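Plus 6 on top of the position in the sequence shown (first one is 1) and you've got the working numbering.
These aren't lab readings, by the way, just hints derived from the structure by calculation. It cannot be assumed that every hint is accurate.
As the list claims (entries may be wrong) - Straight line, CA to CA, 20 Å or less: simulated SDA-like cross-link-like pairs of lysine to any residue:
| no. | residue 1 | residue 2 |
| --- | --- | --- |
| 1 | LYS169 | LYS15 |
| 2 | LYS39 | LYS11 |
| 3 | LYS117 | ILE44 |
| 4 | LYS163 | THR120 |
| 5 | LYS169 | ILE42 |
| 6 | LYS39 | ILE60 |
| 7 | LYS100 | THR112 |
| 8 | LYS11 | GLU142 |
| 9 | LYS24 | GLY46 |
| 10 | LYS15 | ALA130 |
| 11 | LYS22 | ASN86 |
| 12 | LYS100 | GLN62 |
| 13 | LYS169 | LYS11 |
| 14 | LYS117 | GLU91 |
| 15 | LYS59 | HIS37 |
| 16 | LYS100 | THR120 |
| 17 | LYS59 | ALA75 |
| 18 | LYS124 | ARG154 |
| 19 | LYS24 | CYS140 |
| 20 | LYS57 | TYR33 |
| 21 | LYS117 | GLU142 |
| 22 | LYS59 | GLY69 |
| 23 | LYS163 | ALA89 |
| 24 | LYS15 | TYR139 |
| 25 | LYS15 | SER102 |
| 26 | LYS11 | TYR137 |
| 27 | LYS100 | GLY69 |
| 28 | LYS124 | TYR139 |
| 29 | LYS117 | ILE42 |
| 30 | LYS57 | ALA68 |
| 31 | LYS163 | CYS35 |
| 32 | LYS100 | ALA130 |
| 33 | LYS39 | GLN62 |
| 34 | LYS100 | GLU70 |
| 35 | LYS163 | ASP101 |
| 36 | LYS100 | ALA68 |
| 37 | LYS39 | GLY166 |
| 38 | LYS15 | GLY114 |
As the structure is a prediction and not an experimental result, all values here were calculated from the model.
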Amino acid sequence: MQEQKFGIKRSRKTTKPKVVCPEIQFYECDHCKSIIQIIGDPTDDFIYCCKRKINQLLPIDAGEIQAAATINYRIIGGYNENAIEVSWQIIEQKDSIEWVYIKTFTGGQIKYVTNLSKTSFIFALADEDAYVYCDEDPCLECTFRCKRGFEIFAYLKNSGLIKIPIERMQASW
7 MQEQKFGIKR
17 SRKTTKPKVV
27 CPEIQFYECD
37 HCKSIIQIIG
47 DPTDDFIYCC
57 KRKINQLLPI
67 DAGEIQAAAT
77 INYRIIGGYN
87 ENAIEVSWQI
97 IEQKDSIEWV
107 YIKTFTGGQI
117 KYVTNLSKTS
127 FIFALADEDA
137 YVYCDEDPCL
147 ECTFRCKRGF
157 EIFAYLKNSG
167 LIKIPIERMQ
177 ASW
């Protein structure tokens, strides 16, 4: 029998973790175009930047921007090298993805698009966020939906904030 090795990023959880990361909100300053991320409920009624009240970005469903861009994901890596690959294709040349944020069970990660020819990011997962039911690579998206509760946020220059829940399930499994 072959000895099984455990990677440093592998989850030690034996049951699916609960989502403990609070809700996330994004705000944009109309003046300087800065984006501010707030985790949980803001303590003030208003958030300010450039001495002005800024507006909350309300996410839209990815299906509403299919004419401008398509955004997809896949879960890769199995037990020891668990990750989520987020990919996109820009259809409307006037639009572009500026950043992608992934909310996990215990926190989140953000990556900025610095090269416009780039069409995907890989978000490595560890600890509770790396929990998987099986060792399939890529994930079969079965009924266990190990990453259910994760969310992808992508900010497009013209289309705004897009939200994609990670809860897809394939009927063919």
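- Message: Which constraints among the numbered hints does this structure fail? Numbers only, ascending.
- Response: Result: hints 1, 2, 7, 12, 13, 17, 18, 21, 22, 23, 25, 28, 30, 32 break, sorted rising.
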